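Spelled out from the first residue to the last, the chains are:
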Amino acid sequence: MSQLYDCRDAFAQALEEAARNDPRIVVVINDSLGSSKLKGFKAAFPQRLVNVGIAEQNMVGVAAGLANGGKIPFVSGASPFLTARALEQIKVDLAYSRANVKLCGMSSGLAYGELGPTHHSIEDLAWTRAIANLTVIVPADPLETTQAVHEAARLSGPFFLRISRMPVPQVHPADYRFRLGKASWLRQGSDVAIIATGVMVARALEAAVLLTNDGIEAAVINMATIRPLDREAVIEAARRSGAIVTVEEHTVYGGLGGAVAEVVVTTYPVPMRILGVPGVFAPTGSPEYLLEHFGLTPAGIRAAALELLRARAEQ
Amino acid sequence: MAQDREDQLAALRRKANLLRQRDLVMIQRAGMGHIGGDFSALDILVTLYFAVLRVDPQHPDAPDRDRFILSKGHCAGALYNTIAEVGFFPTSELETFMKPLSRLNGHPDRTKVPGVEASTGPLGHGLPIGVGAALAARLDGAAWRTYVLTGDGELQEGSNWEAAMAAAHYALDNLTVIIDRNRLQQGAPTEDTIRLEPLADKWRAFGWAVREVDGHDYAALLEMLQSESWEPGRPRCLIAYTHKGQGVSFMCDNVDWHHRVPTPEEAERALQELREAVHG
Numbered sequence: 001m002s003q004l005y006d007c008r009d010a011f012a013q014a015l016e017e018a019a020r021n022d023p024r025i026v027v028v029i030n031d032s033l034g035s036s037k038l039k040g041f042k043a044a045f046p047q048r049l050v051n052v053g054i055a056e057q058n059m060v061g062v063a064a065g066l067a068n069g070g071k072i073p074f075v076s077g078a079s080p081f082l083t084a085r086a087l088e089q090i091k092v093d094l095a096y097s098r099a100n101v102k103l104c105g106m107s108s109g110l111a112y113g114e115l116g117p118t119h120h121s122i123e124d125l126a127w128t129r130a131i132a133n134l135t136v137i138v139p140a141d142p143l144e145t146t147q148a149v150h151e152a153a154r155l156s157g158p159f160f161l162r163i164s165r166m167p168v169p170q171v172h173p174a175d176y177r178f179r180l181g182k183a184s185w186l187r188q189g190s191d192v193a194i195i196a197t198g199v200m201v202a203r204a205l206e207a208a209v210l211l212t213n214d215g216i217e218a219a220v221i222n223m224a225t226i227r228p229l230d231r232e233a234v235i236e237a238a239r240r241s242g243a244i245v246t247v248e249e250h251t252v253y254g255g256l257g258g259a260v261a262e263v264v265v266t267t268y269p270v271p272m273r274i275l276g277v278p279g280v281f282a283p284t285g286s287p288e289y290l291l292e293h294f295g296l297t298p299a300g301i302r303a304a305a306l307e308l309l310r311a312r313a314e315q
Numbered sequence: 001m002a003q004d005r006e007d008q009l010a011a012l013r014r015k016a017n018l019l020r021q022r023d024l025v026m027i028q029r030a031g032m033g034h035i036g037g038d039f040s041a042l043d044i045l046v047t048l049y050f051a052v053l054r055v056d057p058q059h060p061d062a063p064d065r066d067r068f069i070l071s072k073g074h075c076a077g078a079l080y081n082t083i084a085e086v087g088f089f090p091t092s093e094l095e096t097f098m099k100p101l102s103r104l105n106g107h108p109d110r111t112k113v114p115g116v117e118a119s120t121g122p123l124g125h126g127l128p129i130g131v132g133a134a135l136a137a138r139l140d141g142a143a144w145r146t147y148v149l150t151g152d153g154e155l156q157e158g159s160n161w162e163a164a165m166a167a168a169h170y171a172l173d174n175l176t177v178i179i180d181r182n183r184l185q186q187g188a189p190t191e192d193t194i195r196l197e198p199l200a201d202k203w204r205a206f207g208w209a210v211r212e213v214d215g216h217d218y219a220a221l222l223e224m225l226q227s228e229s230w231e232p233g234r235p236r237c238l239i240a241y242t243h244k245g246q247g248v249s250f251m252c253d254n255v256d257w258h259h260r261v262p263t264p265e266e267a268e269r270a271l272q273e274l275r276e277a278v279h280g
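Quick note, the sequences are listed as chains Y and Z, same order. Counted the way full-length UniProt numbering counts, the first sequence spans residues 1 to 315. Counted the way full-length UniProt numbering counts, the second sequence spans residues 1 to 280.
Think of the hints as simulated: they come from the structure by calculation, not from any bench. Mixed in with the good hints, there may be bad ones.
What follows is a list of derived Cβ distance ranges for each label pair [as the list claims (entries may be wrong)]:
| # | chain 1 | residue 1 | chain 2 | residue 2 | range |
| --- | --- | --- | --- | --- | --- |
| 1 | Z | S229 | Y | P46 | 30 to 40 Å |
| 2 | Y | G34 | Z | R195 | 35 to 45 Å |
| 3 | Y | T118 | Z | V278 | 52 to 62 Å |
| 4 | Y | N133 | Z | D217 | 39 to 49 Å |
| 5 | Z | H59 | Y | G34 | 37 to 47 Å |
| 6 | Z | Q272 | Y | E88 | 38 to 48 Å |
| 7 | Z | P63 | Y | E17 | 23 to 33 Å |
| 8 | Z | V278 | Y | I54 | 48 to 58 Å |
| 9 | Y | G34 | Z | E95 | 49 to 59 Å |
The structure displayed is predicted, hence computed values, not measured ones. Note that CB positions come from ideal geometry on N, CA and C, so glycine has one too.
Same shape as in the complex, but just chain Y (with noise of 0.2 Å):
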C-alpha cells in the first residue's frame, strides 16, 4: 500500500506559500481554522485572516468586497455549507460579478460520512457547475492540490476548489503538471475509459489493473477540471474505447457524469456507466464504509465496467 496524504496539508502549505509571495492574499473563514488546517497561515498572517463567524452567506459576501479593494481572498469552510448556505452568494457576488475570490470546500463528498447526510457534499458539484463563469476544480491527489492552489491565486476570476479529506495516495508523477481545464491521462487503454475525480481518482487506476485480469486495458483519465470540462478529452476518450464509466464521489445528478454524458451524447455517442451515490441521501457509516456500500471501490467500478462492456456486446 503506497502512502497516504490528507489533501489538506498541501493546500495549506501551497497557501502560506502563495501568501509568502503575494501580500494580496488573503483568507476568510467560518470559525474553520482546523478543519481547514490554517493554524500555520494564521501563526504566520495573524493580519491576513478573518474569522467572520458561523456565517456563510456573510463570508462570501465579505470574500466579494475584500476583492472589490484589491485582495485575493480564499475562503475556506466546509464544502456543505459554504456552498449550499451562500450558494446565491456564490452566484452574484462572485460569479455574475467576476469577484477575484476563490472558495475551499473543504472534507467535500462523503468525508464527513458518520455526521450523517447533513455533513455529507454530494451536490456541491452539481450546484457549482451549474453556474457561469465559475472555474470548478477537484484535485486527485497533493501534488495537484499544490498546483491547483497556484492556479487559482495566480489566474483572475472566481474559483471552486472541493478539498477532500479523505486519504489518498499520489496518483501522478512528481513532474506532473495541472493544466486548468486540460484531463491528464494516468492511464491507456482502449477497451474501456473510466474517467474519474478527485478521491476516485486513485481507486479507477486499482480498477484498471483489477481489469487486466479480466483482459480488459482501461484508460483511467483525471477530469480535475469540472469546468471548464475538457470536452476533447472526453471526445477521445469516447472514440478511442467506445465506452465510457465515470465515477465520482457525488451524486450521480448534474456531477462529472453528468458533465461527460452532456459532451458524449451530443458529439460522439457511446454507452456509458455514471458512478456515483444514486439521487438518495446515503446513510450514517465511515467514508470508507460509504464508498463500499455505493459500489465506488476498485471492485465495484471493474464490475461495473464489465457489465457495461458485456451490455454493450450484446446490443
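For chain Y, the structure is supplied; the task is to place chain Z on it using the hints.
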C-alpha cells in the same frame, strides 16, 4: 461660508429634482422600474455623489476611491441617473434602460457599468460586501471609506445581521450603512410585514454608532455624512427617514408605487409637480 453652504444645498436640491424628472421619464419609457424606492433614495444618492464620495468618473477603478454599494439593487434607476450625471457614462444611455442587450439591467451589473461597485438585486448582499471592502481598506491602512445603502424591508434578510456583527467585531469605523427608512416594502408597511422597530436600538445593540436623520434634508444628511463626531471604533449606521415616492404628491408614502409605472397622464402630472417644485 454660510452662503457657500446655502449654494451647495440649493445645487443638491436642483440636481435631485432634475434626476427625479429623468428617472420618471426613463421608467415611463422602459415601462418598468421601481419609482417609489428610487425617489426615497435619490436625495441620499445625490448628497453622497455630489458632496461626499471621493470618486472620479475618469478613473472608476482607482484603488483609493471611496466605495458606494447600492444594496437595494432594484433601485438601479436612481443609481444610473446619479452616476450618469456624475459622468461615469453618458446620460443619453439612460434611454436604453432595460431594453434588450442594454448594460443598464433592472439591477446593476458591476462588470458592465462603470461606477457600479457591486452587482446587487437579491436583497441582503450589499452590507457583507461593504464589510469586506472596509476590511480591505483597513488591511492596507488606506483612507478610503465604504458606504452601503440598504432598503429597510431588506433588513429582514439575516445576512445583514451576520455582517452587522462582523463589522462591529472588526471595529470598522470606515464603514457607513445608510438605511433608506421609507417604512414600506413591496406590498405593505414593514411594521405590518415583519416588524423592524426598534431599529436604532437593534443597531446599537449590535455595536454600531447610530444616528437618525431626515433623508430628504440635504443639510442634515451632509452634516451626518461629513461629521467626524462619530464614535471611533464603531461602524456607522445612519437611519434616513424617507418617503417612498418623495417629490410627487400622489406617489408619496403610497405603497402602490413600489414598482407601478405611471400612465402618460400621471407622468405629466408628476413632471409638472417636479418642475414647479424647483422653480417655487
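Which hints, by number, does the structure contradict?
When the structure is compared with the hints, none of them turns out to be violated.
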